[in-house]
Amino acid sequence: MVITQLIANSLIIGSIYALVACGFSLIYSTNKFMHFAHGVTVVIGGYLLYTFFTLLHLPFYLASIVSVILTGLFGVLSYRVIYLPLKNKGSSNAILLMASIGIVILFENVIQLVFGADIKTIGYLDVAKGMDIFGASVTPLQIVIFIIAVVLFVVLYLFMSKTKLGRNMRAVADNSELARIIGINDKRISDYSFFIGSCLAGVAGILVALEQNLFPAMGLGLIIKGFTGAIIGGINFIPGAILGSFILGVAENFGIWYLPSGYKDAIAFGLLFLFLLFKPNGLFGIKKGVKE
Amino acid sequence: MISPYILNILIFICIYIILAVSLNVAIGYTGLLNLGHVAFFGIGAYTSALLTKAGVPYIVALICAGVFAAILGFLLILATYRLKGDYLALATLGFNFVIYSLMLNMIFLTNGPLGIAGIAKPSIFGLAIKTNFSYFIFVAVICTISVSIIYFLMRSPFGRLLEATRDDEIGLRVLGKNTFALKSKAMVISAFFAGIAGSLFAHYITYIDPTSFTLPEVILIVTIVIVGGLASIKGSIIAAFVILIVPEALRFVALPSSILGPTRQIIYALILIIILMFRPRGISGRVDLK
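So the sequence lines, in the order shown, correspond to chains P and W.
With my numbering, the residue at position 110 of the first sequence is 110, and numbering never jumps.
With my numbering, the residue at position 96 of the second sequence is 96, and numbering never jumps.
Derived from the structure by calculation, the hints contain no laboratory data.
Heads up, the beta-carbon is just placed ideally off N, CA and C, and yes, glycines get one too.
Any given hint could be a false lead.
Derived CB-CB ranges, DEER-like [what the hints assert, rightly or not]: (1) Ala120(W) - Ile133(P): 43 to 51 Å; (2) Gly90(P) - Leu255(W): 55 to 63 Å; (3) Ala128(P) - Val67(W): 49 to 57 Å; (4) Phe254(P) - Arg82(W): 23 to 31 Å; (5) Ile170(W) - Ile182(P): 27 to 35 Å; (6) Arg180(P) - Tyr151(W): 43 to 51 Å; (7) Asp118(P) - Ser3(W): 32 to 40 Å; (8) Phe158(W) - Ile3(P): 49 to 57 Å; (9) Ala79(W) - Phe254(P): 55 to 63 Å; (10) Gly130(P) - Lys53(W): 22 to 30 Å.
Based on the provided sequences and hints, a complete structural model is requested.
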């Protein structure tokens, strides 16, 4: 069945986009600037797993946990070393974005210098035969990807709504000045949001590495998809960003059913354009995304 | 006689001066953070290459390259004129990727990833430009003309209106000026010269493929503009020399090309980040990036 296969593919790729988008959106909502280097953070997660598991032969689960935590620390480091000094000087969002693109180019090329430009495989799972689910062929790994993504979204939702830290984050996202007045340390909140967001990027990196292999320049495509998903759903609103990413997955997969597959990225950009133009705060965005 | 190596660098510097000065019209003078400039550069290169292949005289192809890029510049601003700052930056970056995937996928026209080879060296009114030295003279002349035109436009009342659009768009509208018309004129001028630079690039290299027009190229041009300083033509010219000459030092260390490429990109990225952190107005910028 073509339709069920397309739906299955949309859900799988949508989960990866959504993992990228929810970290991006979390960082955006508490910091109010575009952390474009979130894409290269995903790639760093993947290459860390490659280093610990494939090169250093650590047990897979240990290697994964170490990679995710180090990826989270990379996010905090980029905030502390680059964004915070710029913010303290009163730099505009445009400057922060350019610095962020600088980080992308910097680390993409550092990875290329260290690991080479060729494609790396993790080699943890053997190539599995697809199972037949309602006429769609799906590998066990793809099911695991979907389940991990959904579990993380639920955990993130519970964290943001039930814990004190999560509620403080939402307070900063809503109105950082007011949050400061009632005694919330917004720099600390920024640290946490970069850490949690980048950990999610690390998980996305590991899943991408297992599903599609690794190459240094892959981060750009991922952040563009994550960003597009976030814009579709509303960049300030994490559940919206997740749903937007799944919508993007569906649009891409059904789009290349009609168009040559080379246009996959152009479909994402077409959607991004349409939303920026006609609905810049997204389908579910609460606040206006475009600054007046 | 100048050595071929120096000539090669000088030709590239001239091309990048046109690119940086024309991008400064958008980013510096008008306040449009356009990251899609490379798309115009690429369109210019492809237009000129395909037209001369079809037998059109070079000078016509050169002008068509500019005009075609300018039309796309108008379409881009038509689609994005309500966006500002970082949103505009990402939308225009997206435009870049759309053009890139068109170059890659419209195989009947662009030959896809294989690119277009054997682009003829230009000949103008029967005067063939064969050697690199004569090509350098040709590029230098076009570069001087382009920069002069932009310089005088930016000093004219029109240029001051552009700067007013950047500084206080609503205020200018209150005075009855059509800021959309101003922004689109700025974008059209900016794109036109990028198209011209694309044509000069294509006929110098004689081979183009879509990978010449991707993100690293965007970063290179934007870095030149930021290092030179916004709304400063002098700054962009000096910065083009500095940014293109600095990585040439690497050539003397005799690194293999697999290391040379990434190292060059790392240098550009570090220059960009360091300038933004410690000297955001660059060499002689007059305004901040907003």
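### Query
Tell me, which hint numbers fail for this structure?
Per hint list: 1, 2, 9 and 10 violated.
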